[in-house]
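Q: Can you make the complete structure from the sequences, with help from the hints?
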Amino acid sequence: MSCWSCHGETVASTPFCGSCRRIQPVGRTEDFYSLFDLPREFALDVPELERRFRERSRQLHPDRFAKAEPRERRLSLERATRLNDAHRILKDWRLRAAYLLKLAGQDVFGDGKTFHDPEFLEEQLEWREALALARADGDGEALLGIAARARFRLASLEAEVAALFEDQEWFSETVREIARRLSRARYYDNIIADAERG
Amino acid sequence: MARAIGIDLGTTNSLVAFVDPRNRPQVVTVDEGRPLLPSAVHYAPGGAVEVGAAAKRQAPERPVDTILSVKRFMGRGPGDIRPEDRGISRFDESGSVVRLVVAGGQQAVTPIEVSAEILRVLKRRAAEALGGTPGGCVITVPAYFDDAQRQATKDAGRLAGLEVLRLLNEPTAAALAYGLDKQVSGLFAVYDLGGGTFDISILRLDHGVFEVLATGGDTHLGGDDFDRVVAARLMETGLAPRTATPSPAVLRGATAAAQKIREALTTEAVVEAEVDLPEGHRLSARLTREELEALILPVVERTTGPCRSALKDSGLPTVDGVVLVGGATRTPLVRRHVRALFGQEPLADLDPDTVVALGAAVQADALDRGGREDVLLLDVIPLSLGVEMMGGVVEKIILRNSTIPASATQQFTTYADGQTGMVIHVVQGERELARDGRSLARFTLKGIPPMPAGLARVEITYAVDADGILQVSAKELTTGLEQTIQVKATYGLGEAEVEAMLIESIEHAEADVTERFVREWRVEGDRILASLESAFELDGELLAPPERAAIEERMAGLRGAMAGQDYLAIKAWIESVDGATKVFAERRMDKHIKKAMAGRRVDEFAGEGRTTREGHEEGED
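Respectively, the protein sequence lines represent chains A and B. Position 16 of the first sequence, counted from 1, bears residue number 16 in our numbering, the numbering being contiguous throughout. Position 416 of the second sequence, counted from 1, bears residue number 416 in our numbering, the numbering being contiguous throughout.
If you are wondering where the hints come from, they were derived from the structure by calculation, not from laboratory data. Any given hint could be a false lead.
[Said to hold, decoys possible] What follows is a list of derived Cβ distance ranges for each label pair:
1) 392(B) / 138(A): 22 to 32 Å
2) 396(B) / 196(A): 13 to 23 Å
3) 236(B) / 51(A): 51 to 61 Å
4) 41(A) / 393(B): 30 to 40 Å
5) 421(B) / 139(A): 47 to 57 Å
A virtual CB, placed ideally from N, CA and C, is assigned to each residue, including glycine.
A: In structure tokens form, the structure reads like this:
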């Protein structure tokens, strides 16, 4: 790859040209992890992610390019946007898990697909009933309790998903089990939002 | 030297600031020797336009032609303006944009043009202070302003001949000023209660990076609402002659009186006043601090919801500090409420009136220099952006509190064979149904190649830039054709209209820039002379003959300057007169002040178009 400005050699995945330091277009080989130089796995040191996010933002944010030429401004906007998107996805374990699956070619939630999970149906009905009852009674304590229980379930799901990702051999079975838990996590998030709506 | 400036364009007052060569942010004196320029614009029949305290003084006698709180109308379309915001202004909502009918019915101006008048004055004062035209500027907006309100603010800046480098959220600006001044790190909440808007932002400050984690607010909640409830109560029992439906003029007068009384109650336990209102009405007011607090408590409590939501969105249980911004936060009840909400004493050691402008100046300086080592702002979009899908449901594509700049793409396909166009409706807000959200833009994508239904693949990219404004682009994937989309805001000025207004204003500006300065300073000179004459009549006995002679000598000098064409000379004489009358003003204050239970003429005490020059009343944002 050659730099648009000085025509020197550039490495595809770095934001700035090695010779003239001008900002470069986003490379094809970059995924969200490489933006932060983090290993492509589910386990993530979130504080470290935050630190690197702030550090890279310093270099790439459009504010740094307010007086630069239009091309650089456009490139910085693209890169900063991508950095922000990457940060948002990696920070949240559910989004991170779905992203890892997508990277592996398993877009389980793409195009609005929903996961078919008949065993979960009964539990879903129980939760809905408990919520409806607590609401009808105006029972604030019960609602808080429901939210807390849902959070507890979420924490368990996260641990299960982490364990599944450690399994080196990614059978389609593993992928399906991860997807199942992500789908259930979404459900619990809705329950929590509902219960805390107040 | 073209220095960048920061502007706080507030509902009640506006300010401009810059960073001086010693790296210190400074506000500019803009109106009658003070850094606060009341956001008031008066349009006289015949074309003269006044801005600031002079305009505000016209409000009691010419209320329809004096626009106050224009910020409440920015980015609002016909039918959007709330009844309680309309006040006494006359609107023309017959077209696609809202216009205010002023100048005795001769002119109809858009809120953008009104705001531009305010910005022009700030620009001019900054130019005087800096010794040259300012470079780029940063204008602040409430964090909770939506896309249309932001766009309108940018347009106003352009119309005023400013190069708007960035729109900055007010709480973020305040955090910036505070963080730099105090050199702190940690998690901070900024509680910003202005004249018309409320914002709450939660930020992480870390080695010069100011990262907004969550933001919330209410664009129709502020000190003005305190004044409304107080005025309503005072009129219930104290208005003579009694009337169940006071006219807008009477209402406005009562609200102004309410504001003075409320401010006085910050330091006094009880205030009594007799106020003359328009149309032969009179208000007898007596209010204790307890009564005031009972009245405004429901308004203050409206800030609780957004604060709780923002904390929840940030994922944090608590913060290290709460910074107060906005004049209304001086109210003791508000401070107690903030302490209760956040479990700690709020930080109020920076001037809540100037902190936003100072922060804006720092950001302007940073942008001007292509970045500062000690400053990086990472802000967020305050409201989710979504697209209306079949059935009127909103699909959210960029969630609220996403760090900006941000983008998202969506793929669509055609529903009918041979379909060549598509209408996309973008909505802002958290509601489920499109009709409950804020309609942002409706655009038509044309030129899709005719194909069987379901085959075309249209990719739309939504991008929110660093100003928090939406940009849209589209690509048809099967053919690879990129389309330019005309994003027309569902109401508001189109690009061509803004261009036209800009050209018109430039044409006029070149011609009458000096003439206008002279005219404005003459008007100011007249006011000062008139008020001094009146003061001599009322309180002449307070001056010894030589003292009075000294003042009159300066007044003569002022009259002489006013006859000429040198506005700087007029200005200098005004300052000279001002300096000479300070002692007189103090003696007058002493004579007229009675503590606590005294019957006080509120308008005299506040200086609204009457006897003395206005004292140092700190306004509210």
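Q: If a hint holds in the structure, say so; if it does not, say that too.
A: Now the hints, each set against the structure:
The supplied range of 22 to 32 Å is met by residue 392(B) and residue 138(A), whose beta-carbon atoms lie about 31 Å from each other. Between residue 396(B) and residue 196(A), the C-beta spacing of about 18 Å keeps the proposed range 13 to 23 Å intact. For residue 236(B) paired with residue 51(A), a C-beta distance near 58 Å keeps the hint of 51 to 61 Å intact. Distance hint check: the CB atoms of residue 41(A) and residue 393(B) are about 36 Å apart, consistent with the given range 30 to 40 Å.
The hint said 47 to 57 Å for the Cβ distance between residue 421(B) and residue 139(A), and at roughly 52 Å that hint holds.
Checked against the numbered hints above, the structure breaks none of them.
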